[in-house]
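> Residue -4 is where the sequence shown starts when you use this note's numbering, and the numbers rise one by one after that.
Errors might be hidden in some of the hints.
Here are the computed distance ranges between Cβ atoms for each label pair [unchecked claim]:
#1 E35 to E72: 21 to 31 angstroms
#2 P73 to S46: 35 to 45 angstroms
#3 R6 to Q61: 16 to 26 angstroms
#4 D71 to S9: 38 to 48 angstroms
#5 T28 to R67: 42 to 52 angstroms
#6 V44 to P73: 37 to 47 angstroms
#7 G45 to D71: 43 to 53 angstroms
#8 E72 to R43: 38 to 48 angstroms
#9 R67 to S9: 17 to 27 angstroms
#10 R75 to I15: 26 to 36 angstroms
#11 T23 to Q68: 22 to 32 angstroms
Please keep in mind that the hints were generated in silico from the structure rather than gathered at the bench.
Idealized CB from N, CA, C, for every residue including glycine.
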Amino acid sequence: MTSNGPQRINRLLSRKDAAIFLTDLGLTISAQTLARLLCEKKGPMCMRVGSRAMYRECDLLDYFRQQCSAPRQSSDEPLRPASNDHLPFPANDRDNPARDT
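Please build the complete structure, drawing on both the sequences and the hints.
This is the structure we're talking about:
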């Protein structure tokens, strides 16, 4: 049985589709904000295909993980980076050779 997971994760998305992808994950962001973040070198990794900015799903997931904090019970607790264990596609998935098959 063949899995389409790795191919799907490496799919390239336009800036508009990248914004929709991140918003669907729970990080509300617009295509214009992604463009601004690229200029400020603060957003997800991006590549050019011709004149178009394109985003890989795996890079968008990495950016989403970076924006998440660890769960906390009170707003008085300091923000800590998330362990990302509960998020889709673990961070070490990038180093998984099976992902590129």
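> Just to be sure I understand the hint, the distance between the Cβ atoms of T28 and R67 should be within 42 to 52 angstroms; is that true here?
violated (26 angstroms)
> Do the beta carbons of E72 and R43 sit within 38 to 48 angstroms of each other?
Given about 41 angstroms between the Cβ atoms, the range holds.
> Could one say that the CB atoms of R67 and S9 fall in the range 17 to 27 angstroms?
Since R67 and S9 have Cβ atoms about 35 angstroms apart, the given range 17 to 27 angstroms is violated.
> Taking 26 to 36 angstroms as the stated bounds, is the beta-carbon spacing between R75 and I15 within them?
With Cβ atoms ~29 angstroms apart, the hint holds.
> For D71 and S9, compare the CB-CB distance with the range 38 to 48 angstroms and indicate the outcome.
Hint holds: Cβ distance 41 angstroms, inside 38 to 48 angstroms.
> Can the suggested window of 22 to 32 angstroms be confirmed for the beta-carbon pair T23 and Q68?
Taking Cβ atoms as reference, T23 and Q68 lie about 24 angstroms apart, which means the hint holds.
> That 37 to 47 angstroms hint for V44 and P73 (C-beta), does it hold up?
Holds - the Cβ-Cβ distance for V44 and P73, about 41 angstroms, lies within 37 to 47 angstroms.
> Measuring from beta carbon to beta carbon, are R6 and Q61 in 16 to 26 angstroms?
With Cβ atoms ~20 angstroms apart, the hint holds.
> Lying within 21 to 31 angstroms: is that true of the beta-carbon distance E35 to E72?
Holds, at about 29 angstroms.
> Go ahead and decide if the range 35 to 45 angstroms is satisfied by the Cβ distance of P73 to S46.
holds (43 angstroms)
> Do the Cβ positions of G45 and D71 conform to the proposed distance bound of 43 to 53 angstroms?
50 angstroms Cβ-Cβ, so the 43 to 53 angstroms window holds.
Hints 5 and 9, counting from the list given before, are not met by this structure.
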